[in-house]
Amino acid sequence: MPPQSDHCRWRLRPDVVATVLNDGAVILDLRTKFFFSANPTAWSILQMFETGATPAEVLELGQKWGANGDTPAINRLIEQIIAEGLVEPVEAPAGAALAIPMIAWVAPELCKHHEPLQRIMVSAFDPGMPLAE
Amino acid sequence: MTRTALAPTPVEAVYACGPVRLAVVFDDANWRDALHGLLSQYDAPWPTPEVVVSVAIERATAPSENREPAGAYLRSYRLRVDRHGSRLLSRSRVGVWMEFDLAGRTARITVPFHSDWPELVEEVEQQLVLLLARSWSQAGWTPLHAASLIPPGEKRCVLLCAPSGTGKTTLTTAFLRRGWRTLGDDKTLLRAEAEGVVAGALAQRFHLHPSASRWFPEAGNLARFPPYSRWTDKRIVRIADVWSDRLLERASPAGLLHVERVESGMSFEPLDRLKTLNTLLRQVAIPTDPEHARPLVSCIAQTAAKLNSARLNIGHEAFTDPATMERLDECLRSLLP
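Chains as they are written, first to last, in this note's numbering: chain A, 79 to 211; chain B, 22 to 358.
Be careful, since some hints might not be right.
Incomplete in silico selection of chain B near chain A, CB under 10 Å [unchecked claim]: (1) His166; (2) Asp207; (3) Val218; (4) His228; (5) Val318.
It should be emphasised that the hints constitute simulated quantities derived from the structure, not laboratory data. Nothing here was measured: the structure is a model prediction, and the numbers come from that model. Note that the Cβ used here is the ideal one computed from N, Cα and C, for glycine as well.
Make a model of the complete structure from these sequences and hints.
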């Protein structure tokens, strides 16, 4: 079964920023300062949440991408996205869906780096902690 | 760097800071003298200023508006910064305020009456660093706290990332002696262009403590160089004055070295993609505002995607051992295949 309700609509939080690369995307949550590396499949699924999507809609699109045997992988990713707080529930009805290009299906992977970036900087140029000299 | 005294009172000066030209009006000459070290350090040649910012620094009581910044935009050890539309509002620990109109490119720094002069200077400096970092970003450049090394005959560089005090400058000079070149100290600007990411020089000088003379005998007694500021013993050493023909103004980042200091010896291990990204993202002060964070994250992610990376654990005395340096030279070149 998909996580949460099939029909609950979720949208990427506005303070989650993404940068698209040739082989996926980098996602930074500006609230928690954790960052993630998404492979092309995970990024395609995340893109669905940019305008808002339900788990059922994500699964449906996954089937079109050829994810027939990989429904559990999609569900795990949706669970991860919700658990990490990258998306928030929205009341709005379905809007115009983004035109997400067809992808060659591989299992979605969203790797979270174990340590958040600095929340308090040394300065506006040098965020790092200096060594005691 | 160019600095032109225009009038005695109030004291005005213009500083070329890479792609940003800063026109400053100081309340008095003491402020100009105290801040000159910071503002004059960005001495790398730059074709034309892309952004001009005017800033007034004046003694006054705190602004009447009672909106203490909470640090929602950015927090540092000394500053709490909020964004209100096109304005940044920043307050320091002892009450130095800066209001920066991003659209109008004007800023006002208000300094309270306070007995601790060095503390005030430090906090005004931090406000100016914030102003410059944001202005460089507005000009399309990402400020990166990293040094750089370029092998002879190359235009590709290895970025050196490490916390302050870890030995980036020592490592850089050790390689300058071997014919490598650099963009400057550990302040670098990055920009994603159509042909790839470009790294630009900001400051072509080192700030060295006189005790570092033992590492750089060719520099002679470092105490003879002018002091960086009255608050530190560090001296301003222009790289070209000691190591001639070792400066470049632009390079293409192709390698990354995450430097860690250990007691002795040397080890070198490759970094995977996520660790490379982690290392690079930690060298940029990323505000929590999505509009301002997005271009910085994008530039860093594009840069990281093209880098061959490694972690270097290096002991204090490694730079004096020719065999270790030879091995290290090979390791660095392996990042630029």
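These are the hints, each one checked on the structure:
1. His166: holds, 4 Å
2. Asp207: holds, 8 Å
3. Val218: Hint on B:Val218: violated, closest Cβ of chain A at ~12 Å, above 10 Å.
4. His228: Nearest chain A Cβ about 12 Å off; hint violated.
5. Val318: holds, 5 Å
The structure fails to meet hints 3, 4 from the earlier list, while all remaining hints are met.
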